[in-house]
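Taken in order, these protein sequences are the chains called A and B. Numbering of the first sequence is given in the UniProt record's numbering, commencing with residue 1 and proceeding in unit increments. Numbering of the second sequence is given in the UniProt record's numbering, commencing with residue 1 and proceeding in unit increments.
Each hint can be trusted.
Simulated pairs of lysine-lysine, DSS-like, Cα-Cα distance not exceeding 27 Å:
1. A:Lys14 / A:Lys32
2. A:Lys70 / A:Lys32
3. A:Lys207 / A:Lys163
4. B:Lys96 / B:Lys214
5. A:Lys166 / A:Lys70
6. B:Lys503 / A:Lys230
7. B:Lys96 / B:Lys126
8. B:Lys503 / A:Lys207
9. B:Lys505 / A:Lys230
Here are a few chain A residues that face chain B, going by a calculated C-beta distance under 10 Å:
10. Gly117
11. Trp152
12. Ala197
13. Tyr198
14. Ser205
15. Gln247
16. Gly261
17. Tyr262
18. Ile269
To be clear, the hints were calculated from the coordinates, so they are not data collected in a lab. Since we're looking at a predicted model, the values are computed, not measured. Even for Gly, the Cβ is constructed at its ideal location relative to N, Cα and C.
Chain by chain, the residues:
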Amino acid sequence: MADRDLTQLLTHLKSTPTAPYAETAALLSRAKLLLLQLNALTPSATTPPHHLALARDTYEQGALASIRAKNPDAFTRYVAQLRPFYELLQDDTTEEGERNKVTGLYLLLLLTQGLYGEFHSELEALSSSSTTGVVDVEGDRYLGYPVRLERWLMEGSYDRVWKAMKKGEVPCEEFGVFSEILTSQIRSEIASSSERAYPSLPLSSTKSLLFLESEGAVVEFARSRGWAVKDGHIYFPSAQETGEEEQEQEMSQMVIENTLGYARQLETIV
Amino acid sequence: MPGKTPDKEPVENGGYRGGKDIDMTDKDLKPKGKKASKKEGDDEMTVVVPPSKAAKQSSVPPPNDAEGDVAMDDADKTAEGEVKVDPVVQTINDIKSNFALLDRAVALFDARFSLRALRSISSIRKRLTPDILAQAISETYTSSSASASVARQMLQAIGRSDVSLGRQPGPEMEIDSEPKPAGKNGAKKEAKDVIPEVDVFLGILTQVILHDSKLLQQGLEFSHYLVDRIRSVNRRTLDSLSAKVYFYYSLFAEQSCPQPPSPQSPIVSIRPTLLAALRTAVLRKDVDTQATVIVLLLRNYLLTSHIAQADLLVSHTQFPENAANNQVARFLYYLGRTRAIQLRYTEAHEHLTAATRKAPSSACALGFSQTATKLLLVVELLMGDIPDRATFRQPSMEAALHPYFLLVQAVRVGNLGDFETIIAEHADTFRRDGTYTLILRLRQNVIKTGIRMMSLSYSRISLRDICIRLHLGSEESAEYIVAKAIRDGVIEATLDRERGFMKSKEVGDVYATREPGEAFHDRIRACLALHDESVKAMRFPMNQHRLELKNAQEAREREREMAKEIQEGDLDEDDLGGEFEGM
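Let the sequences and hints guide you as you build the complete structure.
What follows is the structure, encoded as structure tokens:
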């Protein structure tokens, strides 16, 4: 009974991905109640695989819905709930579900939050299971995307990141949610490296450098970062001169401290 | 005591002297590491304890040298040749001689005796057969003794359940070179019951047999039983024995099908048991079990790539400080691995360096050293350092590290093309070593090195040339990458966007910066730390300090007298000179 209701609910959820979040959330909580009746809300060794699959589908829909609603906390919760189900269901390859999509989204989320350590832990777990032939991380449509993005971000090929975020390159619409965050992230990265790399930049080329729409936007952005704009050029404030004297003092401080330390150590040894 | 693992053929043994690549499977590393740790114990023991009467008969010949393998075999041969005893009887006697040690361990409450008993396992292991063990068991237990059920379980596990308990030593015992202790043993047996330590010791031997004959399923079942049994007994003298039992327990689970990283592997299901064991061990301050179980759990988590769990385990437990050296080495290795995956390279580097240094230098733990070194090399590369060339020249490592050597070369030169071919060529090796994902992260380092080479060689170079030489996708990419390199402090240069080139700044005198001072400071600190550690590691004979105190007292007295004399001015030049010569 609850079984059939749940299946119905899930097909409804899957068929209407654009429904407003409040509506989806209501449906999801009903689905979770049904799961509770089936005793499959949390997996155990005795739960029949069919119910496990149903529970997994529910959580997957929940995860996707919360991404569409731009609710990263809820998404992280759903991912955490999904994890045991994926481990239990790994042997029957008949139905993969949306595992790679959800994992790919999760990776992207970690990337945008700057949690590189977690990102790599997750990746390690994926690639170790790939030795058994389950997942081909780089070749996968959903998983390869965040992995490539991470690599480009790390080496600094921001133009490739930019291109990858355009429409049509993104594997599916849920991934597009992160584009905005990523854009501002790479923009500030580029800005901070430009400060150090260029003595000055013409306004016109800065526009393309920072992927901004117009020169007006460039001027605004320059103001927000405290850059000086003069006769069509941007001049970066040089950070070095200010710290020179201080550095000198800090260094002599360090030398004195070290020498005193050695003296003390020598005292104890001799 | 060092000894080769019985499941390794001598040929293979010679093989890894030659520097063959050795996987760090459990079979290789763990038992070997164990033995090496016992060796250490051996050194310590020979100082403290006079060799016991019962054990002296060839059960523990202590060859402390690195060629333990050879020496061991010789010892066996001479024992057989000279004493002319049937090897079966000999082995049974060896097993039984350990009971005396265990007895003493309980009576004197001294764990060293149990360690000694454990140490002899490796020598017994080579001669052990189910029949011998069955005989030993049946002679040890009477059918009426309290732990007869344990004995039956053991017999069943090794497939000799038809052997009856309580058999008296056979007639062949009479031709034993030492008939007296055998008789005494027999008499004692009726007087008192078998202590649990002996149960567990025989249990470990059973595990060893099952493991050597690859009866993994039986082994796992029997280990379950044995672990339950240990948990029901609360005896401090069992500590070191139970650490060993847990070790074999996890070994069986790991090798049983389906093997990790499959989540259905038995290693996942033994986690609760191990965690419970850890809790108990911590509460009882049982250092041996605590160290062993933490290491087992870490290994367990990493095998299934549960990095987050491993990290949590490390942050919520405290690894015992006075654990055996080999457990510390393993713990550091696993910790280093976790940290490397989490991009905490500095910590990883620290732990892995310590692990490689703490690894036994003899050939018996070569697999461990190789694996730890491989990981260390990759971490060094990730940190932007170029590993020492000498690392690759060690004869025991050379062949195993060859792919890594090529990798280091590619990174050093900054050639992205070479780097990618090497990864493609040796992908399987890297995957097997578990360094593949780490190596993939090296790509950015290769690019950075390439840019640095460019900046050093040219005072001005167009972005197009950089793009062509480093095989980057486009000029824009090159521009962003160079800008990032400048920001990260990889190179000292400026970019000119309008004309599209990179202009290198004049390289300043490195001795004008604080860099040499820092390097100098680091080295001094390392030396001082070494000094401190050595002082801490020194051992002094008991009560010696009193003598020294007395001497010091006298010296001080003398000094005072001298000072007084100087003050009074009646000490002339000659006197002083004489004193100094004497000193």
